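Novice: Given next are the chains, with one letter for each unit.
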Amino acid sequence: MSDPLDLLARVRLLAEAVVTSDPERCVQCGICSYNCPIGIDVRSHARVGAVIVDQRCISCGECIARCPRDVLWFGPVEDAAEDLP
Amino acid sequence: MRHVIVGSGAAGLAAAEAIRARDGVAEIVMVGREPHAFYSRPGLAYLLAGTVPDKQVFIRGRDEIAALRLDRRTDDARQLDLARRELHLAGGAVVPWDRLLLATGAAAIPPSFPGAELDGVVKLDDLDDVRNLIARAGGAKRAVVIGGGPTAIELAEGLRARGVEVHYLLRGARFWAHVLDPVESQQVEDALVAHGIALHHQTQVARVVGHRGKVAWVETTAGDTIKCDLVAVAIGVAPRLELARQAGLSIGRGVRVDHRFQTSAEHVYAAGDVAEVRDPDTGEGVVDSLWSTALAHGAIAGTAMTGAPAGYRRPPSLNVTRLGAITITIIGAVGQPDADDDLVTIARGDSLSWRARPTAWTLTGDDPARRVRVVVGPRHLVGALVMNDPAAARALTRLVRHRVDLSALRAALDADPPGALARLIELGAAAGAP
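Protein chains in written order, with my numbering: chain W, 90 to 174; chain U, 34 to 467.
Extracted from the complex, chain U is given alone in its bound form (with noise of 0.2 Å):
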């Protein structure tokens, strides 16, 4: 049995490791452009702030990474051919499978204002990214940083610790506007305020000026001017999706897979970023760049190629952020009805499914530095955000990922908010293991 795994992120190593603890047998190819060793894409951003050294990011050791016994090549996928059950790769060799899973992942979305082109607009997406991102922060004077969500803050923050003079320029009146409720916003940006970055509010580019081909200035809608040395762009990622709408896979906002990760092409997977997963509660179609998630795709994917029993029920999505140093814990459905200008899709480190409005209430905590909002539906949690407070997150993931029924409980919520946090979170605390 020959298995080829297109995409080496986590998606795709999750799934290598799952094939082998099955079958030591098995061939397994690994094909993509990537040309490093496996690396934690979350741990980028501590290894752009200097938190960490360049060899930190790599996961897997010299023994696990031999104990997988991979075939890995360092070129493009360029064709599916499901008839034949071939790949073709960029550098001309095919590739013959028995079972292929594509874990593409997403790719930063590029920016399309005039001077996007110039040396210096930079972005935030792999290793090489970030290793060409600390080379110019070394002579940058400053920075202007582009977009939404935690990868804005990862590049603003990260060229902060560096040394670097960062205006952040948001098109709305708050960050990450659809996710954060007003409070939220306004703390993670009295934070960034805190470490030295500058915000501009309602601001967009109009353009980037180069003078011989490299960055020199930004100008606003607003008329104002920015010299600066980078462009940091973080608008949002889309899934790598070439691949499969050249082979005619059934595609909505990524490649449809069913419970066991198939597409609708039998024998083809896809997990991951670039996998468009049923919601069981909405029936739609959802989307997520995280990396549990990924790893939880590629797990589950991999099992199934094996012709193992495999089967996926997409849990609530949870994801813990470090936005302007509150750590910041997001389960299940948390969604403001505001807009988000500064992302034009997904983010790194989000989901769609955060941006759903349940028919639900909020309760909010008083204490602003350890926030907690939970967003209760009629019988049980169906999301909360919590600010610096692990043992609230891990107390109200429970809640929200067992779907505890607190039918019982809605009389004494309704009549007591701020005490229904304290009993919600006693509960959690006291329903065990996550």
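So here's chain W without its partners, still in its complex pose (with noise of 0.2 Å):
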């Protein structure tokens, strides 16, 4: 069972920041693609410094934590504003 503090946490996250990158720390490694649970491209964002924005994406860290180079972070949701459709 999932802990209820967690589940706040994510509830915020979801609605308050997505996933932003840096592609100036990114080396295309694929480490966050391959990691995502849902399947998401997650190296196509990062390496061109867009957010994620993707309406699977269920803020789950996974991405940011196993990236090596720190290239992946929980950003404000404002930040996404250009790369919403």
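Don't take each hint at face value.
Claimed, not checked - According to the in silico footprint, chain W covers these stretches of chain U (three or more CB under 8 Å from chain W):
| hint | region |
| --- | --- |
| 1 | 66-76 |
| 2 | 80-89 |
| 3 | 343-354 |
| 4 | 420-428 |
Simulated from the structure, these hints should not be mistaken for laboratory data.
Computed from a prediction, not measured in an experiment: that's the story for all the values here.
Heads up, the beta-carbon is just placed ideally off N, CA and C, and yes, glycines get one too.
Combine the two chains into a complex, taking the hints into account.
Specialist: This is the structure in structure tokens:
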């Protein structure tokens, strides 16, 4: 059973934060995409500095935790404004 | 217009993408000995360690590659004829060009110790090397790793992750001594030991001894013998300059280029690890062996080749690397006065500019797991090295990149170094996008 605080934190992330990237740190190794449980191609976003605005993203943070070069982080949702459809 | 790109690494790919983005009809011919689709060279370390499968290292989908409409030729470029504007390939073909880019990259420097030719002396330079390493690791009990910089660590950790007993021989007293300070070296070495890697300081290979043509053991200059199946070598890389040299281009540490990446010959460009770029601060020619730098070179060179306005001012070199499970961000000049005997040249994931030792002072934080070292010049931050603290790394990268004027803060920084570090990170965090 998941920790209610974790759940709360996740809801907040879904509402207020998106996975954000710094392309200059990215070496396109693909660990992020490989570990995404939903199958989102995170690498294709990270290499161009795009935020993940895919509605399937569950903000699990797996890509952020696995990235060996700290390319990804949860950033404020306003950073995503330009990338939103 | 026919563009010919020699090399299919990061710079070559970025150039091809830049050309195609601006010119839908130009011919783009890409020539290189690499037989594989575009892959992440830094990602090979994770393939070796088993963190990702083989298919994951390829960085462009079929549709993206098809959209580039490249005429890709797997062949060695042997001769560059400037007068006739022709490139001669080893297979006999002659390729005419209007604009030519040398993106030949850098190659691992072969070792010179006796026994270097034996089967089982290996390197980590390209995808075939890693596939070879993976195949050999399955039957290997023990490996000796020689060299320095990130690639030596990638070899040691990758082989260890595959169950091989690893002995890492360091010529000097500590790891990567001209970039890391003694505490940082110690942190990385402790992490390696924690992963089960045996370190041998101040130890050199006297010779590698074989049995029936295969590596059998290593004899050290101290007189020790280490029985092993593999000897993995990472003593540095050198730009592949043969073609440029043969064509008579101006060469220093690499092929000298101007701010548009044009070489000393009109319509001939060079980018990536092979290019020597002028550092705007020191005026010196610098070579880097960094993925993001090669991409930036290639994108600007490709743009310039189409005739579009393009110019490059070399920024402070940035790289992020995972050494002994510690994520280390290095930006700008963080050099140490110590020499590094384990590298004969630059390593992959390395920049000559990091070795610069500016007139500056250093602040170091107290948290050993999240260590931050900054080098502060008279007016601005000239370099930073951050361990395991991505927010601090991003903040300090901004300060170095944008040359944020810190002169008003200098007195406060001098008076309270630990507090100063926190203030610098806050200042960088407030500075916005990277």
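Novice: Confirm or reject each hint.
Specialist: Verification of the hints:
1. 66-76: The restraint on the region 66-76 of chain U holds, since 4 of its residues have a Cβ under 8 Å from chain W and three suffice.
2. 80-89: holds (count 4)
3. 343-354: holds (count 3)
4. 420-428: Result for this restraint: holds, n = 4.
When the structure is compared with the earlier hints, no violation turns up for any of them.
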